[in-house]
Every structure is written in structure tokens, then in C-alpha cells.
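Using the sequences and the accompanying hints, generate a full structural model.
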Amino acid sequence: MRRLLWPAVVLVLLLALNVFFTPSFFSIQVTEGHLYGSLIDILRFGAPLILVSLGMTLVIATGGIDLSVGSVVAISGALACLQISEDASLFTAVAAALGLCLVLGAWNGFLVATVGIQPIIATLVLMVAGRGLAQLITGGQIITVNSPAYKLIGGGYWLTVPFGIFIVVAVLAITAFLTRRLALGMLIESVGGNAEASRLAGIRARGIVIMVYAFAALCAGVAGLMISSNVSSADGNNAGLWIELDAILAVVIGGTSLSGGRFSLGGTVLGALIIQTLTTTIYSIGVPPETTLLFKALVVTAVCLIQSPSFRAKAFRRRGKVPSAGPAAEEKVQVTA
Amino acid sequence: MIAPAPVLTMSGIGKQFPGVKALDGVDLRLLPGEVHALMGENGAGKSTLIKVLTGVHPADAGTIELAGAPVAFASPLEAQHAGISTVYQEVNLCTNLSVAENIFIGREPRRRGRIDWKRMRARAGELLARLELSLDVSAPLSTYSLAIQQMVAIARAIDIEARVLILDEPTSSLDGDEVEQLFRVMRRLKEEGIAILFVSHFLDQVYEISDRMTILRNGRLVGEHLTERLPQVELVAKMIGQELEELERMHGEAGVFDRPLVEARELGRAGAIEPFTLTIHEGEVVGLAGLLGSGRTEIARLLFGADHAGTGEIAVGGAPVALRTPRAAMNHKIAFCSENRKADGLIPDLTVRENIILALQATRGWTRPVPREQQDELVGRYIKALKISPPNPEHLVRDLSGGNQQKVVLARWLILEPRLLILDEPTRGIDVGAKAEIQRLVAELSGGGMAVLFISAELEEVLRLSHKVEVLRDRRLVAELPNDGELTTDVLMETIASGGRAS
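Residue numbers (my numbering), protein chains in the order written: chain A, 1 to 337; chain B, 1001 to 1503.
The hints are simulated quantities; they were obtained by calculation from the structure and are not laboratory data. Since we're looking at a predicted model, the values are computed, not measured. Cβ coordinates follow ideal geometry from the N, Cα and C atoms, glycine included. Incorrect hints may have been included.
[What the hints assert, rightly or not] From the derived model, a few chain A residues whose C-beta atoms are all more than 10 Å from chain B:
| id | residue |
| --- | --- |
| 1 | Leu11 |
| 2 | Ile117 |
| 3 | Leu241 |
| 4 | Phe311 |
[Stated by the list, open to error] What the simulated footprint calls covered on chain B by chain A, stretch by stretch (three residues with Cβ under 8 Å from a Cβ of chain A suffice, anywhere in the stretch; the number is not a length):
| id | stretch |
| --- | --- |
| 5 | 1325–1331 |
| 6 | 1337–1344 |
| 7 | 1362–1369 |
Next up, the structure:
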């Protein structure tokens, strides 16, 4: 898989950088029957991002984008914590939260596919309104819960491994099954690759698009459960804040084009891991806190440039021969003529 | 009539693209004060010639003389400065800007470095007055109709002391009144001594406005004629490429078909095709003949549910049906290979295999994938049967040649085993071998009971395959001719040219 090469190289470079600064970076210990170590931390804290990114991958593959996933993360955590704080069973709480997320996602899909609003605007609605909804659910407070069962989802361990990792693996397996073993992936790529040709081939794009947005919201909902479970509380304001941007970044770093079409689940997982590793790296190599965002931005810019075939071609050509500007200039003239 | 000296002369123009000789020894001369029509079917070289003239492409051979002096334009801007202006088919304007801004975009009158709005508006008004138009030049262009937008594009083009004005299919999106308005402007410009090169697929318009025409076919010059001396039927023959006397009888035949499959009654769509009535029987090959833009594709799209019909009804197998979506048509076993395989057919990023099974997969829905063995078997079979090259199902379809891409789209529909297969220009732009294969395939399929609606610009091909031929002209179905012993390509051309009035 050539497409996974560059993200993999970047991830390896980042890990190597960490080992250079922290020689014990790769060591994993078992303490009280739990696995500990930096790598485990990356997987554990990166789990919500991976989930959100998986949903985002499918949305982007249809040629869309979903800005509302961060708000959905907050809503999901808020509703689940509210239910648990009102002594509902874990199952009821989780089902209610995820059910609401599905409805919200389907709403996004409805706006995009049926009403025909541009995805960035359609999901912006829920991105803004969703924070309000989360506030409404929590009554403007941070709801704290004390439920060991709920704690397991994002903060617990099973068979010495953080439980969240199992969730990620399960969701990844289900997504891969739906898209690659069943025909969903091909139809999504077809709709994203050429919508009109897909319509003329008899694909019912509307249903597929609605389903994909609902799936993205569901993934965000699960991520929201993990995040709130990990801290045993729901914060409507800050849970999942800006996670949509990290997710979009993960998808792009993973090699899925923002214009839709071909997507790569493996690439997205790598992309999300790169972002999480980067966050860890910033702490481990001791970048001053006030410059962390700038540092992150620089690394991400570099990664995106390395990823871009046209940038690589350009950088390569500049070293080689002088680029001819002739044809490009002509094209421009033609437009204005 | 004594012809004045030509303002522009192109002689012996040749242009080679990789693998194609787009132009070969073409001459064109434009006389001041004349509307000159450039005629030819698609791919005849009209647009290449215009692009060579305006400096988009350099010519490989031949000379261009403007007012007696040899010229070679390196860019459209140079050509424009020399007085050759072009208005393209798609209006190249910004509809969100005002009329005046559009006219002067990039060369706004300035005073002390700032745009002189007052002067700009005044000059825009003057320019439009020259075209007998009185518009609010500060209103956004989008408030005006397409025809007016076209005029604004012309106003912009003629502002720079134009000696030659090239209008590339300016009327294709205009209605009757708007065309008249455009023609009035063209006549006025003609009186001012501007030479106008006019490209259109509408024969009536060409005969109404043009004084002289140059006909191209397959990149070669067929001839230059005075419009009034060239009957329409001869023009069609020259464009399509047969001398009237050479026409020989092709072997298609009229058949007796008594099991109607698809019946369209007064089916129509405003602005696309006038209401038409058409019955396609099982096992019948129905040819659609007509020039480009005559409504061939529009009929196909209505029968496939790709567009909504405004009037009329369709029955499949005797039962009335509503074909609101392509999927509905597919459920009635109707398949459609679009003429524009890039925009309407292929998913370029997917593989040959995925493109071929796409329609089959669509009918099954995403939950029931076509098993991989069945995919490989189907795809392998059609790659072999249609000789798709390279014969690698995992090749990305965008890397294939045009003919092979066409075969991929064809394979996509054939695996659905349709009862009616609509083929819109299936043999355009593909080599002779592939063409013959596709023709043989169509004959075979109809022999097996499949109905085929066959659209082609090549009349021989239509005659060779069809049992009956529907003739279209100017978005109207004008005649239905059984392919009996009497039907020849010259009868067809006669019908196209006369609009069925003679027959």
C-alpha cells in the first residue's frame, strides 16, 4: 500500500524523535494488572480521536465534511452522564446517548442530501447549536457521576489493556466490514468520485449520504462516552472542543482527499495516531506550553506538505530543471480574454 | 458581388496532437462585413482551428495573415490586441459583478491610480448603445438574461477595436427571441465592417445569418461556399462525409415487431425536446439520427429517467410507469450509456472492476455485495468479450484510453441484462476496430431479444444497425422511417435537412 507509506514514515519519525529525547519511551510495564507506558497512553488518549476520524473519513469520502462532531461528543457525554446521575442503568444511558447522536447525524445527512445545503454550512448549524444543546442537557453545570461500570468505557482496563482500545478495534473492524466486505465503501467512493455518474448508474446517493453522516455522529457519540467516562463527568462546553479539526486533519494526513472519492481507513488511523503522538511528543520533549500550538501547527504543515504529491513533485523539480511557466500563464490569459 | 480583400486569411493550417491529426491543410478566409459560418460535426476540427487562430495553440504548419501581414499569436491576449476577439459558448463573465465591471474587467479606466467609475459606466453605456442595448450598467450581470449576458460578452469583445469577432456556439443556450436579438446585433456589427466567424450546430440559424461558410470534416477542409448557393442537404452531406451519388445501401432491415416494450406518448421537456411519441419493440434496434444538439441525447435521458419529463407518459410492457430516477428506469430493465463518459459515466478513481460492477451493485444495495468470485467472473468475461485493454481489472479506469473507457461503461450495463439498452454515441472517439466490435455486439444483442436505442452521428452506422430510424431536427422528432429497401443515408440527410417537410 503505497498510500500508507508517507503517514507511516511520519509516525515512525515522530516515535524516533521521542525515543531520542526519552530513551524509555518504548518501555511498557505491567502495574497492578494494567499496562502502562507512553505507547499505551498514545493509544488510550488517541482512541476518541481515532473514532471521530473514522466517521469523518466516510463523510469526507462522499465529498462532504462534518464540523458538528465535536458538539456531538459533548452532547453524548452530557446525556449519558445525566441519565446515570438520575440512576438510569448503564445500558439505558448509553443507548439514549447513542440514539440521540444517530438522530443528530441523520439530521445532518438530511440537510446535506435532501435539502441540498452545502455540508460545511449544514453541519456548522449543529456545531454551534449542539454546544447549546449540551449545555441544556447538563443545565449549564458540569455533571459528575460515580459509576464504576461507566468508568470502564473510557478509563477502565480489561485483560490488562485499556478498554477504549477494544472499542476502537471493534469500531474499526465494523467499519472495515461495512465498507470493504460489504459494498458500502465502493458506493461511497463512487458518490464522492462522480456524483452525477453515480446517479446515472442507479446509486441512491441520498440514503448513503444520510447513513454516512449518521455513522459519523455515532462514532462521535462513542468518543463522547469515552471522554466523559474517563473523567467521570460531562462538560458541555469543553468536551470534544476542536476535535472535528483534529479529525479532519487526521483524515487528510491519512491520504483521503478532501474532494471525496477514494478513502483509506488505515491511513486515517495512522493520521490520528500521528496527531496524538505529536501531542505526547510536545510534552515529552519539553516544548514550552505557550509555544505548543505553534509547534503543532508547524509539524502539521510539514506533514501535509510531505503528503502532497504535487508539492513533492515541485520541490523535486526545482532542484532539477527550471520549471516552465509558459503554459500556465497562457491558461490564465485565456480565461480573461 | 465583388468580394473585398479578406481581413484574415489562414492557409494550409496543420495541427498535430499526440496520436491525432487535428487539422490538415485547412484554409479559411474572413471577409470584412460578412458572417462566416464554420461548419462540421464534432471532432471535425472547428474548435482547434479557432484555438490556432486565437493563439491558444501554435499551428504546426501554414500561415495566418491579418490584413495582409503575416501574424502568429502566442496567446489569446495578443490575438485580442491585434483585433481578434472571441466569445465562447460558455459565457466567461462574472455574474456577481456589474455589467460595466464585466465589460472593463482587467482594464478599468483609471484616474490617479484609482478606478474612474463614472467614466467606466459612461463608456459601458456607449458600447452597449452601439449594440442597441440600453441597460443599467451598474446592475449585477446576474439580473439579466443569458442573451443579454452574451451581448455583454460581445460588447467586451468588440471594445478593443475588433476587426474579427469569433462567436463559438453563442446560441446554444438561447431561446428563439434571444437568438433574434443576437442576430440583430450581429447584423449591425457586420454593417460596421467587422468580420464575424460564427459556429453553430443549428442549421436554420446558420442559413439565416451567414453569408458564407467553410466546412471541415475530420480535420480537413471540405470547401468554402456561399450560403445561398449551398442547399442544406448538400451541406449535411458534406459535413457527414458522403457525396450524394456515392451512397450505397447498407444492410439494416425493417422488421416486424409486435411486442412493444417501451412506449412514449407525447413525452417532452421544455427547452430540451418537443413532445414526441415513440414505440420501441422487443428485439428492435431504433436509430436516432440528427445533428448534434437536435435533441438526440434529450430523448435518451427522458427515457432513462435522468431528466424529468414535463409532459407525456411512458409505458413499459403496456403498463404506465413513472421514470423519475435512473434507478426507476433500471428497475424496468432500461440501461443508458451516456455520450459523455467522463462526466456521466466513469468514476475515474475506481478500478475497471469496480466501474463495471457499479450498476449491478447499485441495484443490489450496499448490504448485498456482489461476491468477489462472481465479480471476477463477470468482469473477466466482459474484459475478454469487449477486448478491454489492458486486461487488468484492478487498473484505475482513468488511465484507460477513450475506447476502452467506453467499453467499461458498456460492460457495466450489459451485465445487468437490460431489456432496453440506450446507447448514446457509443462509437464516438474510438478506433475502427472497437467500433466494429460494438456494432457487432449491438446486432447480436438485438438478435437475442434486447431492444436497443442507438444514437450516432454517423448515418451509415445508424442505417447498418437499425430496424427503424427516428429523425430529429432542432429538438423535434420530425420523422420515423422504417429501414426498408428505400431508406438510404441520402434520404436520411434529406429528411434532416428539410425537417421532414418533404417526406
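Structure-based check of all given hints:
No beta-carbon of chain B comes within 10 Å of the beta-carbon of Leu11 of chain A; the shortest separation is about 25 Å. For Ile117 of chain A, the requirement that its beta carbon stay farther than 10 Å from each beta carbon of chain B is met, with the minimum near 20 Å. No Cβ of chain B comes within 10 Å of the Cβ of Leu241 of chain A; the nearest lies about 34 Å off, and the non-interface call holds. The claim that Phe311 of chain A is not at the interface with chain B holds, since no C-beta of that chain comes within 10 Å of its own (minimum 20 Å).
With 4 residues having a Cβ less than 8 Å from any Cβ of chain A, the stretch 1325–1331 of chain B passes the three-residue criterion, so the hint holds. With a cut-off of 8 Å between beta carbons, the stretch 1337–1344 of chain B has 3 residues touching chain A; three or more are needed, and the interface restraint holds. Look at the stretch 1362–1369 of chain B against chain A: 8 of its residues bring a Cβ nearer than 8 Å to a Cβ of that chain, three or more, so the hint holds.
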